[in-house]
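Protein chains in written order, with our numbering: chain A, 1 to 348; chain B, 1 to 348; chain C, 1 to 348.
Simulated from the structure, these hints should not be mistaken for lab results.
Each hint can be trusted.
Since copy identity is lost for identical chains, a pair holds within one copy or between any two.
In the PhoX-like style, the derived pairs of lysine-lysine whose C-alpha atoms are separated by at most 25 Å in a straight line are:
1. K203 to K229
2. K3 to K347
3. K203 to K3
4. K149 to K120
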Amino acid sequence: MSKTNEGNYFEDFQIGQEIIHATPLTVSGADQAFYTALYGSRFAVYSADTFAQSMGLPGAPLEDLLAFHVVFGKTVPDISLNAVANLGYAEGRFLQPVYPGDTLSASSEVIGLKENSNGKTGVVYVRSSGFNQHGEKVMEYTRWVMVNKRDQSAPAPTAFVPHLADAVSGNELVVPNGLHANNYEPARAGSSHFYEDYHIGEKISHVDGMTIEEAEHQMATRLFQNTAKVHFDQHAQKDSRFGRRLIYGGHVISLARALSFNGLGNACMMLAINGGRHVAPTFAGDTIYAWSEILDMHELDDDFGALRVRLVGLKNANPNDHLLKDSQDKYDSSVVLDFDYWALIPKG
Amino acid sequence: MSKTNEGNYFEDFQIGQEIIHATPLTVSGADQAFYTALYGSRFAVYSADTFAQSMGLPGAPLEDLLAFHVVFGKTVPDISLNAVANLGYAEGRFLQPVYPGDTLSASSEVIGLKENSNGKTGVVYVRSSGFNQHGEKVMEYTRWVMVNKRDQSAPAPTAFVPHLADAVSGNELVVPNGLHANNYEPARAGSSHFYEDYHIGEKISHVDGMTIEEAEHQMATRLFQNTAKVHFDQHAQKDSRFGRRLIYGGHVISLARALSFNGLGNACMMLAINGGRHVAPTFAGDTIYAWSEILDMHELDDDFGALRVRLVGLKNANPNDHLLKDSQDKYDSSVVLDFDYWALIPKG
Amino acid sequence: MSKTNEGNYFEDFQIGQEIIHATPLTVSGADQAFYTALYGSRFAVYSADTFAQSMGLPGAPLEDLLAFHVVFGKTVPDISLNAVANLGYAEGRFLQPVYPGDTLSASSEVIGLKENSNGKTGVVYVRSSGFNQHGEKVMEYTRWVMVNKRDQSAPAPTAFVPHLADAVSGNELVVPNGLHANNYEPARAGSSHFYEDYHIGEKISHVDGMTIEEAEHQMATRLFQNTAKVHFDQHAQKDSRFGRRLIYGGHVISLARALSFNGLGNACMMLAINGGRHVAPTFAGDTIYAWSEILDMHELDDDFGALRVRLVGLKNANPNDHLLKDSQDKYDSSVVLDFDYWALIPKG
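In isolation and in its complexed conformation, chain A is listed as follows:
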């Protein structure tokens, strides 16, 4: 028997199956420093202990998406090593902050299976959860991936496609314990725009662009202990469809989210991931831009509201044009990311 991990194929998954993922990771301020160095993040609550403490937290947590990438990375060897495509995300929630010194681990439950009509692949739906060292769930999300069959003659399982909400409902959002905005300093946060200053339908161009280098996305993806081969192996990729290393989709999410600081600087903590599509592949040398649309708003408590944001990532195209889809509902060729999330933002 081979000792190397060949990953799971479609017929290895069963509805209800629980998968414990390998390699717990103790995160630290170093991971956050990497996050800043890789994406240029400037949300103050994640940047400074003093600012986080002024909001009632014990210190600066790790950036929400950083924790997400770590948990996601752990699922890769079991869920998506033989994936053809990462089809979508839904029902993601951040349940409590992750702090330096916490150890993150992950597990997943298989909640849906549907073989494709070609008999070669199938779609696997998993509900993945991240835990800290106290066994507390810090996040959860559903994703579905198209996975190769090992043996095309293997019988198809009974198809089951789970019902997934279009978006996390506003009243399911979890405000971190003790968080308040009593002493919120907009000058230190870098934005003077609060919950009430935004309106549904508003579109915001985030102006700035970031060009991606191979060393950057490789270091990021390894930091997250994500093992998907396509991100690292140019010798193999040169013979692939694109001839290039593919950049981890989460790298583009984080770049777009960091760019969105310029316009959404107070929308500081991600509370939920409603959905997300990696519309087109991104390669080293591409410059990522982003624009956002406010899709919905929800009052959380006296201090905070939540903005539901569509975050659109573009490559090599001006975000002021708010490019998205054409009249046939086809994505513009510059769109690489269509991401839908809820963010917490103080009231004014």
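Following the hints, put chains B and C in place on chain A, whose structure we already have.
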């Protein structure tokens, strides 16, 4: 009203204006690890807790220039987002060490304004200060930048150009509290040359070279939360005068200073920045070399003296030749940096 | 007298000479985060405090090879600045774990000298040791390098070539104090294969490949404070034999070892380095693959055994083919590393 930060234009500044800069940052050993990974710094007092403790400090502080870059980065969105050029530095002093766990924040006062005769731009002089979480000032410096006007028909302000010292006076230098050289180990520090071994006019070639990669300067500049667009956006820069991303001038200062270890290994802490010019732009692929000239010397106390050092950064040229200016006082084409600082060095 | 370090030449070394190396370094979780970002390491004991604690350690130590590179880096300015070639390693042992907050320092003893018949170079054998801040030896190893003579007319020293063991004997391996496997969780470790599952002569392809970028190996090598010029200076290297920056051999060792997780995931701690050859140079753009052969096995205690592993690093070639040498005992052109080490692995 746009929610994105368009930065300040020349007519937005007024003499005496106080600007609180955004995004305090809690620094840690991770920032120092990045500094080592990016520049190869080896000054022992910043490298090892044990060495710093042998000199009377509680532990290894963060490298002086690292703290400088963090403070500088915070000023960019308010001061130099619309800058045409960073013209100079003066009167910079490091007032106390910055330690892992400290939170750095920054503010600036506008101390000079002078519109240029073309009516399109003006020079803004600011005095910037960095503070730790206790509100103690850890550094201060003046810089002046040429900034675009938003509206060329806006009236010129009354011109005021502050008087700036050619160099910080030796008796204004601040030796960190409690610092001594009783147990200084030159073998561990990596140099056997002390204060008395140097003389005014001495020139030292630092021999080694470092080639800069795009991923390196981008990661550095983002780590410092510096948002100047020209460093990151190749899609926009391809149509610029140089067709390339420009490297943050501070990246070159740090590379040159780290190279200067080879010859100035005991000149371990920067105490003041007397001046600095980014003589020519640097691009990825350039190899940086450095040489130094001792401009002045000053006795600090029984244990330490200070060397005033001219640090010259070259690209793609041999530092043994001490290239600087021609007979018409014009910089040699290889010179990218002409930097003037005071460094603390133990007596022998 | 020049103030720059020109390094030692062959005639500067004497048998019995003790060399204290410069620049102690306080290591931290940041160094481990870099190690993960650079190599994608996933050995659980180094990744998570919780996992390390379940094995009886106070927390996650720093990766063995990371500590090795730091100690090695310190020896470079004194031992190999004028080296023509790094010829080999032997008798390396890891004596106790290195933890975040420890300060590493290094010293070496010259144990052998032999001038080459050309009169231009000689071979220097040194026994190097790394220490923590308590003065405890954390590792030791021997390496030998070919070093230039400064003056070819200098007389040859009496030749002495030390006897070096082919491999560290199994009963000289040091299991970290208190380490046990009572609660070892293979699902979290990422491998279900234990000591008894391996056999001598077994060959394992590690499947995955990693393409190296210039920014990556430069950042790694500077993080280790390794000052060998050939890794950093493209301006000088363009006129060298290869026309390129050479990648630090240790970078390739770490990449190959990290790749070996896929097949040796429970062989979690390196206990000894028996030998190693950098068979051919590696350059940015090369994709590294690895395969291993089990050379020997040794029972350590009730909980653990040790595997003696030959780790072969390849560039741009399929590890499934187990390429090594041809019938004339000449290395295949794809082989860049032939490394021999002992690893600790739990019993099943």
